[in-house]
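The chain contents come next:
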Amino acid sequence: MKKLLIMLTPAAILFSAAPSATAQESQTSPSPTVGMAKGLSEWDKIYAVFSHPRCADCHVADDRPRWSGAHYGATFVHAFNVQRGTDGSGFGNPGLRCTTCHFSSNSKALHGPPGAEGWHLAPTEMAWFGKSSAEICAQIKDPARNGDRKLADIALHVRDDKLVAWGWAPGSDREPAPGSAEATYQAIENWMAAGSPCPMP
Amino acid sequence: MRLTVDGQSFDIDVDPDMPLLWALRDLVGKTGPKFGCGIAACGACTVHVDGQPVRSCSLPVGQVDGAVTTIEGIGTADRLHPVQQAWLEEQVAQCGYCQAGQIMSAVALLDEVADPSDADIDNAMGGNLCRCGTYPKIRSAIRKAAALKTAGL
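Protein chains in written order, with the numbering used here: chain H, 1 to 201; chain R, 1001 to 1153.
Coverage of chain R stretches by chain H, computed from C-beta distances (three or more under 8 angstroms per stretch; other residues unrestricted):
#1 1053–1062
#2 1096–1108
#3 1117–1131
Sample of chain R residues with no beta-carbon within 10 angstroms of chain H, all distances over it, derived:
#4 G1007
#5 S1009
#6 I1012
#7 V1014
#8 A1067
#9 A1077
#10 R1139
#11 R1143
#12 A1147
#13 A1151
#14 G1152
No wet-lab data here; the hints were simulated from the structure. Beta carbons: idealized from backbone N, C-alpha and C, even for Gly.
All chains, please: the whole structure from these sequences, using the hints.
Written out as structure tokens, the structure is:
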């Protein structure tokens, strides 16, 4: 709540994007301030998911996935010299692909590898590990850095992608991402309807 | 279920959650792949599924979708795989326990990268641990295997 109040300062509101046509059409008669406040509140929910280790650990800029979050107690570079892959694909290197160890379901063995279909790193341009809320927000709205997606496509990606879905069912004692895929989809829809505002850097 | 291993078909009655390694060793009789850590963290159990390396200790057999190749299927006593030949010539093995997995990762690397750099080798082999510390010899053997394979030997 404290974070939200900080975001609702006049400066934050002034910085935030103006309500889009979508927002204007989808709301009955909100005041711009209320719409912005609602949008920033929805963004907070989205940021909590995107920045969570279950999502951010594989959205890295330096080609090496991370092991981070409460489960690990600190941030580590993924062991075994695991990398994005010299072909840039995100599926690892010849001889050591992500799918060498990560299969289509979580291992049931203690400390065994998690799994979901199509295990791989996000593209480099979609890296946001360690970035601030404002930075990720701006990135999500930039097709050059969001996988060339419209915001509605991102909402569907979050709701329907099987690898993204793993973030809420990570297995073992790994902490899941907050909320659910459906709730995050709805938060993105609500954020869009409120003009998709971003917090102040 | 039916499992194709080293070119042969096997009908096995098995819980689909059983790790592939168990099925290979206990039901199919392929004891070449070794149990090391049981959590895909050492590489001793590495086999191929349709040419791609997998840690068989962690892959549920019910998820196997393709032909399995083990260390027992890449060559014969009369005609070793170039990686096996290089392993012998470079005298890589010390205790040898990890070597079946090391070789299978090396084979997968050379199937995709004919003339690997040291970085390519390190990138491919980082998940195969050798407690005897034979890493320099492993790297030498892979370079030699690449030359043997390219020469068609």
